[in-house]
Amino acid sequence: METLSFEFPAGQPPRGRALVGCVGSGDLEVLIEPGLAGRLTINVQTSVNGSEQRWQHLFARMFDGTTPPAMSIDIHDFGATPGVVRLRLEQGFEEIGHD
Amino acid sequence: MTDSAALLNKHSFVELGARQRAKALLDAGSFRELLDPFQRVMSPWLERQGVVPQADDGVVIAKGSLDGLPVVIAAIEGAFQGGSLGEVGGAKIAGALELAAEDNRKGIATRAILLLETGGVRLQEANLGLAAIADIHAAIVDLQQYQPVVGVVAGSVGCFGGMSIAAGLCSYLLVTQEARLGLNGPQVIEQEAGIEEYDSRDRPFIWSLTGGEQRFASGLVDRYVADDVAQIRDQVGELLQQGLPPQPRSQRAEWFLQRLAGLETGPQIEPSMVRDLYQGERS
Chain A
1 METLSFEFPA
11 GQPPRGRALV
21 GCVGSGDLEV
31 LIEPGLAGRL
41 TINVQTSVNG
51 SEQRWQHLFA
61 RMFDGTTPPA
71 MSIDIHDFGA
81 TPGVVRLRLE
91 QGFEEIGHD
Chain B
100 MTDSAALLNK
110 HSFVELGARQ
120 RAKALLDAGS
130 FRELLDPFQR
140 VMSPWLERQG
150 VVPQADDGVV
160 IAKGSLDGLP
170 VVIAAIEGAF
180 QGGSLGEVGG
190 AKIAGALELA
200 AEDNRKGIAT
210 RAILLLETGG
220 VRLQEANLGL
230 AAIADIHAAI
240 VDLQQYQPVV
250 GVVAGSVGCF
260 GGMSIAAGLC
270 SYLLVTQEAR
280 LGLNGPQVIE
290 QEAGIEEYDS
300 RDRPFIWSLT
310 GGEQRFASGL
320 VDRYVADDVA
330 QIRDQVGELL
340 QQGLPPQPRS
350 QRAEWFLQRL
360 AGLETGPQIE
370 PSMVRDLYQG
380 ERS
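Same order as they appear, the protein sequences are chains A and B.
Here the first sequence stands for residues 1 to 99, where the numbers follow the working numbering.
Here the second sequence stands for residues 100 to 382, where the numbers follow the working numbering.
Isolated chain A (complex conformation) (with noise of 0.2 Å):
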């Protein structure tokens, strides 16, 4: 198991919360939080080792030309795949804009 922190630049926090998935077999759960303003914090604890890069090259392709809103999230991963992991982010990013 490996715990890993990101750090992003981002525009105003949402108003909600989220959580979406589960810490089953290949998949993960997402607590999306409002966090500091022009901040994105993403702390990630996986049962992968070794998959720094992959994480770093995920968020960065998803945030790349966007300002995401200023969260807060945790990552309890439990083997999911990049494609995966990019699904439940949207689910999250769709959730905290319904309240």
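Think of the hints as simulated: they come from the structure by calculation, not from any bench.
Any given hint could turn out to be false.
Subject to a maximum C-alpha distance of 25 Å in a straight line, what follows is the list of computed DMTMM-like cross-link-like pairs (lysine to aspartate or glutamate) [claimed, not checked]:
#	chain 1	residue 1	chain 2	residue 2
1	B	Lys122	A	Glu94
2	B	Lys162	B	Asp241
3	B	Lys122	A	Asp27
4	B	Lys122	A	Glu90
5	B	Lys109	B	Glu337
Because the structure is a prediction, the values reported are computed rather than measured.
Following the hints, complete the assembly by docking chain B onto the known chain A.
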């Protein structure tokens, strides 16, 4: 011919996660979660053993109402660590049941619903999990003096280990065809008794002995329901309306022991033998 309209309109309960199941049973808008995942009351033991924890420790506790009756629901997430119960998740369920009994002593008739998908104790938390499960057993017995505790085993994990005893203590038990209920799980029995006696990969064999239909036919559970949200909700509501059973199954231990004493253990036990043993021979 497949009836596609019926398939599209069917809402599976088994496919729902623990939180969605609790929401599906409660009256619309009445769901209120206690110790929600954002409070991050997580297992302090998993991380130290290199296992990724979950924010709610795999247990959802919710208060609300079902057909207007006050209820507390404890739902176990079977996808997280096989629904295993550790210190935190176990304490959440025991605490919820103890508070429900407290409610009743104060004149609020809170009933309890347990959504059980669990292999039993979480081995990484050993005695702490076992102690929590013992607390759950005691709390079920206490609450049952006042109001019914309804257990639901929908599948697909089933209910095993110490939590199968919790299921046995419930005032009423409801299962689907997908459910399994047993003290030891198939792999444990195979390991102990040998593959010749119990092949855990033989799914029809496993379900024929521990599956929901067999448990219902043997009189060990009270309702056998299709995997459908509306039907499960209706049946749970009916059981809550019924109030306490005249005699809880847990107080019929003598009767069950007498029947077991008459069992011949030499030959391989067939599902029909178990049905006959508990229900009497039927033509």
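Hint check results:
The hinted pair formed by Lys122(B) and Glu94(A) meets the criterion: a straight-line CA distance of about 20 Å does not exceed 25 Å. About 19 Å separates the Cα atoms of Lys162(B) and Asp241(B), which keeps this hinted pair within 25 Å; it holds. A distance of roughly 22 Å separates the Cα atoms of Lys122(B) and Asp27(A); the hinted pair therefore holds under the 25 Å criterion. A hinted pair counts as satisfied when its Cα atoms are at most 25 Å apart, and Lys122(B) with Glu90(A) qualifies at roughly 23 Å.
Distance check on the hinted pair: Lys109(B) and Glu337(B) sit about 21 Å apart at the alpha-carbon level, within 25 Å; holds.
Of the numbered hints listed earlier, not one is contradicted by the structure.
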